Amino acid sequence: MTVATTTRRGTAWHRLRRNRLSFAGVLVLSGVVITVIVGPLLWRVDPIAIDLANRLAAPSALHPLGTDIQGRDLLARILHGGRVTLFVAVASVVVALVFGSGAGLLSGFVRGWFDTAVMRVADVLLAFPPLLLALVIAAARGPGVANTILAVSIPALPRFARLMRAQSLAIREREYVLAAWAVGLSPLRILFRHVLPNAVGPVTVQASIAAGIAVLEVAGLGFLGLGVQPPSPELGAILVDSQTYLLQQPTAVLAPGIVISLSILGFNLLGDALGDVFDVGSGS
Amino acid sequence: MNDVVLEVEDLVVEFDTRPPVRAVRGVSFQVRRGERVGIVGESGCGKSVTAMALLGLVDPPGRIVSGSVRVAGVEVVGAPPRELRRLRGKEIAMVFQDPTTSLNPVFRVGRQIADVLAYHGWGDPRTRAARVVELLRRVGIPDPERRARAYPHELSGGMRQRVMIAMAIANEPAIVVADEPTTALDVTVEAQILLLLDELVERSRTAVVFISHDLRVVSEVCDRVLVFYAGRIVEEGDLAEVFAAPRHPYTRALLSLAFSGREARSSIPGAPPDLSRPLAGCPFAPRCDRRAERCDREPPLLGDGGHRFACWYEEAS
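Residue numbers (our numbering), protein chains in the order written: chain A, 1 to 284; chain B, 285 to 601.
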C-alpha cells in the first residue's frame, strides 16, 4: 500500500515522451503555433503594404521569401496568414467542441425525446460531406471570419455530439455515478462533476484531429474565395493568388503549402498522442 | 415506537420489461436505531432491488408498484426529487459492492468525501477538510492527511471500501445500507471491513442493513436476519434464533450449505421460480423435500413477534 509518487500529469508526460512519433508531432505543432504567434511580433513588416516597384522580388535579406505580384513581403504574409488560418480553424473546433459535445453529453445523460431529437439532427448533418456542407454555409452566409468559423464548425458538430453521447451513456451507468445519486447529488452536479470529467478524454482526441481537418477547410474556403477576405492574408487565399505566377515565385506556393501541411500533420500526431495518453490513463 | 428508523410496508417493485418481472413481492420489515439487519438470499431474490428502493433509486424500467418505505419518518415512495436528495447521504447512505468502481477516478478521495459534506450543508471548506481527515481516521486509514490527497487508483480495494464507508457515514445517517460490501474483497480484508462496520454501529448507533448472499458474513455482523426468496421474506428473526432453529426449509438449506464441510456441500436442487409469472402457493414448494398438498396455497407469515416464517409446517423439524 504505497501512494504512487508520480502524479497523473507526470505519467502522462512520460508516456508522451516514450512515443517518438507523437512527441515529434507535438514538437512540429508547437513550432508552427509559436512561429505564427511570435513571428509577426519579430518580423515587423506590413503584410499588406503594396510595393509595385519590387514585384516578384527574389528571396533576399530584405524579403527572405521574396515578394508577391503586388510587391508584398511573403514572409510577413505567411506569418500573418498562418495566424489567421490557425486561429479560424481552432476557433471553429472550439465552437464545434462546446456545442457538439454539450449536446451529446446532455442527450446521453437525459435520453428520451431530447436524445432522439439531437441524434436525428446529427444524422442529417452527417449525411452531407463536411467540405460540401461548409461550402454551402459559406456561400449562403457570405465570406468573412465569423462566417468561416460557422461554416467549418457546423459540419464538425455531429461527430463531437455522437462521441460525447456514447461516453455519457456509458458513464451514467458507472457505479460511482450511482454512488453519487445515493449521496443525494442533484442531476446537474452529477452531470458536471462525475460524467463530464470522465468523458472528455476521447473528445480531446477528436478535437485535435478535427483541428487538422479544420485547417484544411479554412484554407480551402479561402482558396475558393469564400473564406477570409483580402486584403487580410490567409494561407488559402495566398495560395490561389500565387498560382498565377507559380513559376516566377515558387516560394509563394511552397511556403503556405508547407505551413498548412505541417499544421495538419501536427494536429493529427497530437491526436494520436492524446489517444495514447488517455487510453492508458483510463486504467488504474 | 420512536426507535424505528426504517419502515418498509408491503413493498412491491416491478420491472416493466417484456415480460414484466415482479422482483419484490410484498416485503415488510422494520429497522430500529443501531440495529444490524442482514438480508440474505440467492441472486435474483430481490435483495439489491429492495436496497435501491430504500433510497428511492429504482430507475426505469423498474418502478415501485405499491407499498411504503419510511426513512427516519419520511415517506420515500412518491417523494419529490428534492426531498429524496435531502434524505440520501444525510439520513440513509449506501455502500456498494465493488469499491474499485464506486469512486470517481478523476478526483482525490478527500474531495469526494468533502463534496458529500458540502452538499448537505456541513460546515465551511476549512472545517470540512478537518472533518474528512477525521472520518478517514475513523475508518482506520493510516496517515489520513496524506491519503485524503490520493486518487482512488492509488489506493487498494480495502482502502477504497473504507473511503466509501467514510463517505457513507460522513453526515452521520440513521441508516447505512451495505450491498455486498465485502464480496469484491479478499478474506482478510473482508474481516477488517466487517469489524469496522461493527465498530461504527457501536459508536454512532447507526443502523446497518447488510445485504449478502453469504450467511457466514451475516452471522458475524448482524443482530437480526431477513431471508429473501423469490422477492418475499420467507423467514425473519433474531440471528441466534434463526441460526439455531431455522423454521423455513429454504433457510435450513442455506445454512447447511454455508456451514457444512466441503464433502457434504451441494447446491439446493432446482432453481428459483420465474418472477415474470404470478406465484401460486409457496414459492419454494418445487424445491422443497417436505412439499404437501397445502403448499399449493400460499403460506402466511407464521410465528410470534420475534421469529416469523412463511411455511405451513409450524413445528420445527
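What the hints contain is simulated information worked out from the structure, not anything from laboratory work. One should not assume that every hint holds.
Incomplete in silico selection of chain B near chain A, CB under 7 Å [claimed, not checked]:
#1 L339
#2 R372
#3 L387
#4 R392
#5 V471
#6 T472
#7 V473
#8 C572
Please read these numbers as outputs of a predicted model, since none were measured by experiment. Idealized CB from N, CA, C, for every residue including glycine.
Tested hints:
Using the Cβ-Cβ criterion of 7 Å, the hint placing L339 (chain B) at the interface with chain A is satisfied: the shortest such distance is roughly 6 Å. Against a cut-off of 7 Å between C-beta atoms, the interface hint on R372 (chain B) holds, since the closest Cβ of chain A lies about 4 Å away. The beta carbon of L387 (chain B) comes within 6 Å of a beta carbon in chain A, closer than 7 Å, and the hint placing it at the interface holds. Annotation: R392 (chain B) was flagged as interfacial toward chain A, and the flag is violated, the nearest CB pair being 10 Å apart, outside 7 Å.
Proximity of V471 (chain B) to chain A is violated relative to the hint, the smallest CB-CB distance being about 17 Å (cut-off 7 Å). Hint status for T472 (chain B): violated, given a least beta-carbon distance of 13 Å to chain A, over 7 Å. For V473 (chain B), the shortest C-beta to C-beta distance to chain A is roughly 11 Å, which exceeds 7 Å, and the interface hint is violated. The interface hint given for C572 (chain B) is violated, since its Cβ lies 36 Å from the closest Cβ of chain A, which is over the 7 Å cut-off.
In terms of the numbered hints stated before, the structure departs from hints 4, 5, 6, 7, 8, listed from lowest to highest.
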